[in-house]
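Engineer: Can you build the whole structure from these sequences, using the hints too?
Counting in the numbering used here, the sequence shown runs from 4 upward without gaps.
It should be emphasised that the hints constitute simulated quantities derived from the structure, not laboratory data.
If you're wondering where the values come from, they're calculated on a predicted model, not measured in any experiment.
Watch out, some of these pointers could steer you wrong.
Keeping only pairs whose Cα atoms sit at most 20 Å apart, straight-line, the calculated SDA-like set for lysine to any residue is [claimed, not checked]:
| no. | residue 1 | residue 2 |
| --- | --- | --- |
| 1 | K406 | P460 |
| 2 | K406 | R441 |
| 3 | K406 | V419 |
| 4 | K406 | D451 |
| 5 | K406 | E487 |
| 6 | K406 | G491 |
| 7 | K406 | E423 |
| 8 | K406 | G459 |
| 9 | K406 | R394 |
| 10 | K406 | R489 |
| 11 | K406 | P417 |
| 12 | K406 | C463 |
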Amino acid sequence: MITAYHRLARLERTRPYRWWRPAVELAVAGLLFVVLQAVWVVPFLLINGAEQPGGIAEGNPTSMLFGYGAIALTIPAAFVAAWASGRDVRALWSIERRFRWRFFLPALAAFAAPSVLALAVGVLAFGAPPARLDAVFFSCVAITVLLLPLQCLAEELLFRGTLVQSVGAWASSPWVAYLAPVPLFVFGHTGGGGQLVTVSIFALLAALLVHRTGGLELALALHIVNNANVSYANFSGIADLDSLRAFLPVAGLLGAFVLAVLANVVVGTKVAPMPTYDAHLRHLPHPTGDLLFQSAASPAHGGVPVVAPWFAQTLGPQMHGWANQLPWVRTAQGSGTTTAQLTNDHLRLTYTVRTEPEISFGLRVDNLDDVPRRIQLALHPYWAVDAAHARVTGLEGAPYLDKVAGVTRTLEAPIVFGEEVDRVVRTTAQCSLSDAHRTLTFTPHGTDHVVVWNPGPEVCAQDENLGADDWAGFVCVEPALLGESRDGVVLAPGESAEIGLDVHVTAPTQP
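Structural biologist: Here it is in structure tokens:
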């Protein structure tokens, strides 16, 4: 299952996780949140005089510029803090490591609709707002449109991003991760008891939206609508009325909250089907023991990572492509078979794993683009064996690239381990991996290479993402479609390619 949003700080890292790193992130974020506001507040007071500019709720351009600007300037705080703690800063946005405009824009339109309707009813029933439609009024409108969304973004990044993910690095429960920042958010918004109730409801709805959709987009949309509604009610003078018109902005806000509740149901199951998966199989139970190795030092090293749409960095900057970095959607499950799909960059990947009656894997790519695409496919299984006594047979006589030595050779004997091995073998043949405990026989389909890899003790000792003795617990035998010259294969528009792997396990006959 793909890492939940509140747990991304634990696994999506550029440096290994340590228990103290989330504390560093919180400290840096808090410090920058104060310092960056001071960068805005101090010059603002010097320019406008020492007299307090007032709160945002006073509804004048000076107070709005002062309040919204100070918070908006703290946007970099969350990203700098995430970088300082050694994690992927893109994970602040969503489980897809990006801002998902396809979620944000429809949500913004939907949440704003009740307020727009309330505004229209107010104009038709009561005429122009109480405030004069002068330069001051339109200055407030401009600040609301241009600066208020940035203020909302800064708060979402801090309260539903940094705080949630930092707490989530320590606590696996979403209840703890999402509820812990709520009091800070609520009491950071001053006002009467009624306002605190509204802010509390909003904070809980926003947290639920982030958890259900795996990102900040819908919470940000609701935040913008909420703040814009309140801002307009203040600077238009409607909030000061005693008539029915003063209730219209409240009605618009209640409508947005109701839609947010519905969005938690609809979006979480339709637009972003839950649960989603990273398609990284981590365990493969078998009577002889789990067939897959899993490193305690890094979850990325172990199981069966999916490699697509390229191998290594042949066709792009991300190591082994983006297939193992984005969320997949499970499309079928039952009778020992699970199928998941991922569509990205005009390519559709379909991944099928069967565990009954025999173990098999299938990985297919369809070119949905209107131009030819060059792709590569591979599976990267970490087979659990005693590497010091393991050997790979069946590849003898095949040419291979020795990536350690940087030369091309012909394989003349079984591959054994004890030092770094990284060989890209040009073959379609069946091969076997065996130790004293069991033999795994691999039958590939649709492939043109087999990659055999083990880091050996020296590399393990130097790589902080591997345990010092990890090399002795696995060997990677990877079926791959790399292309004749290892530069990929070209798929015409509408064309597909598919690789497969059948695995047969035998144990030595007991005397």
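Engineer: So, for every hint listed, does it hold in this structure?
Structural biologist: Structure-based check of each hint:
Our distance criterion of 20 Å between C-alpha atoms is met by K406 and P460, whose separation comes to about 17 Å. Note on K406 and R441: the hinted pairing is violated, with a Cα-Cα distance of about 28 Å set against a maximum of 20 Å. The suggested pairing of K406 with V419 holds, with an alpha-carbon distance near 16 Å, which does not exceed 20 Å. Of the pairs offered as hints, the one joining K406 and D451 holds, with about 17 Å between alpha carbons and a cut-off of 20 Å not exceeded.
For the proposed pair K406 and E487, the alpha carbon gap of about 17 Å is at most 20 Å, so the pair holds. Taking the CA atoms of K406 and G491, the gap is near 18 Å; set against the 20 Å cutoff, the hint holds. The suggested pairing of K406 with E423 holds, with an alpha-carbon distance near 10 Å, which does not exceed 20 Å. Distance hint between K406 and G459 is fulfilled; the C-alpha atoms sit about 14 Å from each other, no more than 20 Å.
Restraint check: the Cα-Cα separation between K406 and R394 comes to about 19 Å, which is no more than 20 Å; the hinted pair holds. Of the pairs offered as hints, the one joining K406 and R489 holds, with about 13 Å between alpha carbons and a cut-off of 20 Å not exceeded. At most 20 Å may separate the alpha-carbon atoms for a hinted pair to count; K406 and P417 meet this at roughly 17 Å. A distance of roughly 17 Å separates the Cα atoms of K406 and C463; the hinted pair therefore holds under the 20 Å criterion.
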